[in-house]
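Novice: Letter by letter, the chains look like this.
Protein chains: 2
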Amino acid sequence: MSWELTRNDLPALAIGAAILGTGGGGDPYIGRVMAESAMASQKSITVLSVDDLSDDQWVIPVAGMGAPTVLFEKPPRGTEPLQAFQRLRDYLGASDALPCPIEAGGINSMVPLQVAALLKCPVVDADGMGRAFPELYMQTFHLNGISGTPACLASEWGETVLLESLRDNYTFEWIARGVTIRLGGHSFVAQFPMQGAAVKRAAIRGTLSLGIRLGRAVLEAARSHQDPLAALAKASDYAGYGEGIIAFRGKIVAVTRRTTDGFARGEVVLEGLGDQRGTTARIAFQNENLVFYRDGEAVAMVPDLITVVDSQTGQAVTTERLQYGQRVGVLVIPAPAVMKSDAALKVWGPSAFGYSISYREPLTAMS
Amino acid sequence: MSWELTRNDLPALAIGAAILGTGGGGDPYIGRVMAESAMASQKSITVLSVDDLSDDQWVIPVAGMGAPTVLFEKPPRGTEPLQAFQRLRDYLGASDALPCPIEAGGINSMVPLQVAALLKCPVVDADGMGRAFPELYMQTFHLNGISGTPACLASEWGETVLLESLRDNYTFEWIARGVTIRLGGHSFVAQFPMQGAAVKRAAIRGTLSLGIRLGRAVLEAARSHQDPLAALAKASDYAGYGEGIIAFRGKIVAVTRRTTDGFARGEVVLEGLGDQRGTTARIAFQNENLVFYRDGEAVAMVPDLITVVDSQTGQAVTTERLQYGQRVGVLVIPAPAVMKSDAALKVWGPSAFGYSISYREPLTAMS
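If you read the protein sequences in the order shown, they are chains A and B. Residue 318 in the UniProt record's numbering sits at position 318 of the first sequence, with consecutive numbering throughout. Residue 283 in the UniProt record's numbering sits at position 283 of the second sequence, with consecutive numbering throughout.
Bound-form chain A, shown alone:
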């Protein structure tokens, strides 16, 4: 079923997509401004569900890539996503191709909306991660044997680089990351071009809808002076995701973060407040939050969604915005079962990020 996304939906989507971004996926403020600006002259964008696609409909996922820290110093020009999308579309001769997110996130859920608004075409309600992940091969499209190339990278200088064919999707990530680093640490990428039949087989469905649902829960909680974390935990039980777990409440006491190899890597340390007083927690991240430890024990990990949420506003705190003294909660949203198959865990489970821990379901209760 298709539906209309209006400018009024953007604040909720920005909030909810950033929750799904699990610390990455870009700053929701920048993302919202990008989409609002592109939608200034039109009322709505048609959102197609995956089932609405014909089997031969071309779909091109498009997103920002690089270290989110870099965007603080180098904001996008705004034309990059459209340029990357159009170049790849023209390269394929797929003049009717539709944009789609590659991941959920404050910027990366908005990028395809910006493209759709500028081209006055529908957007597809799906993505390849069901959250945000740091590397380009961490997509269900890859798990389903689809090639990331041909792909097009665009910079804020109007530069384009076409990765025509590369040996595999790991090499695609490696080369695209290298180009992105040398373009200044951030770029926009159109990649994994595919047709409707492949989208139906491979995509995580409904993540734009879920983003709006989560954002509305936060806004409604704010209006009614309810706990936003509790509202989020309840709202996440949708489209295969589990009910959220409030895994921690406390304040940030330390952040270590370095921008290296094209990623923002580091760790945030939290001390408990309220009934968590005396408990210490930490989260390791690479653009996105990867593993959540409570008193030294890994209690939640990729691919389950670990998001640091501002205690008062319910807004996601992305990894580049973590800072000393913030009062936060840690929300864990169980990922859909399809993201936890053995094949999927090999690509984005904890061992894929170098952790010598086996994946396990998140603990449901705070100790």
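Hints are computed from structural coordinates only; laboratory data are not their basis. Check each hint, because a few of them may be wrong.
Stated by the list, open to error - Selected chain A positions facing chain B (in silico; Cβ < 7 Å): (1) W157; (2) T160; (3) L162; (4) E164; (5) S165; (6) L166; (7) I175; (8) R182; (9) E297.
To be verified - Some chain B residues well away from chain A (every beta-carbon gap over 10 Å; in silico): (10) K43; (11) A221; (12) K340.
Built from N, CA and C at the ideal position, the CB exists for glycine as well.
Please build the complex by placing chain B on the supplied structure of chain A, with the hints as guidance.
Specialist: Then chain B, alone, in the frame of chain A:
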């Protein structure tokens, strides 16, 4: 005037081109085998002088790029130059484009011959460096305002990356180098596509002819038991190049070399023999030989050609083959005046490589 280059010319060209490669430009043995293999089924290739080109004739320079040390471990597959050339040709819609060297060197003078042989088309007797230089913007094409992009990189895996448009030629080098590093340290590149009018304005002419001339001098000296260095010094007085200077005779006593940032960088130390006994010399290199010091004094430097030559055989010793104990001479060939303009020295004079010395003409006599 066009002329026919036959398989019989390849041994001389390999030797002479490696002399012009000034330590870089690739190993002449690999280069010769590549060209001989491509010419196996045909007698000759037509070599066009720049004046033979019509003003709208497309020309695409094509070469190997990366650290020459890497080719020891990762020899080319052989199809890369043709693939890079054809992709860029097709991208431009220039179906009649002709190949041309980007620089002189044991491999890089041969690469366009290989392409010409496989396509049964002529090759252009010119290049963009008049020698070999390590970086892609160090070309007369760049000095004449021609864009390095669009360009196509090809790997031994059959991979292609199109650098469609980049902000300038320094960025072109930066991105192409980054991709080459991540493709394993070596790739082949078709770049600076241009038409005949631009070639006439910008190219260094006659370097294939000069390569053969130098190589024949070495072979003839060997046959007649003459000093190959003296024969080379005499033969280099051609097409604007000066008569060569035998700047040193001695043996290699130390080599420091590291493959870093996509280049082979280092230094070779020499001790004098014969009437040079008691003299010490050293050459600093980045793929190519950059500065020649005799007893601590810089007596020859880029862009003049500094080549380490085997004392017995007259063959160039490329920087990746320098080793302890070799008996060598150091040949300095004064570059054409056009390569020493103020604008040219800014791009490839000693200061462009980080040396705080001003360019000066090579000293003509040994101390």
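Novice: Against each hint, give a clear statement of whether it holds in the structure.
Specialist: Status of each hint after checking the structure:
Interface hint at W157 of chain A: satisfied, since its Cβ lies 5 Å from the closest Cβ of chain B, which is below the 7 Å cut-off. Interface hint at T160 of chain A: satisfied, since its Cβ lies 4 Å from the closest Cβ of chain B, which is below the 7 Å cut-off. With its C-beta approaching chain B no nearer than about 4 Å, L162 of chain A sits inside the 7 Å limit, and its interface hint holds. Hint on E164 of chain A holds. Least Cβ distance to chain B is approximately 4 Å, under the 7 Å limit.
Checking S165 of chain A against chain B by beta carbon gives a least distance of about 6 Å; that is within 7 Å, so the hint holds. The beta carbon of L166 of chain A is positioned within 7 Å of a beta carbon in chain B (closest approach about 5 Å), and the interface hint is therefore held. Given hint, I175 of chain A at the interface with chain B, holds; its Cβ is 5 Å from that chain's nearest Cβ, closer than 7 Å. The interface hint given for R182 of chain A is met, as the beta carbon of that residue sits about 4 Å from the closest beta carbon of chain B, less than 7 Å.
About 38 Å separates the beta-carbon of E297 of chain A from the nearest beta-carbon of chain B, more than 7 Å, and the hint is not met. At roughly 35 Å from the closest C-beta of chain A, the C-beta of K43 of chain B stays outside 10 Å, upholding its exclusion from the interface. Remark: the non-interface label on A221 of chain B is consistent with the geometry, its nearest Cβ contact in chain A lying 46 Å away (cut-off 10 Å). With a least CB separation of 31 Å from chain A, K340 of chain B remains clear of the 10 Å interface cut-off, as annotated.
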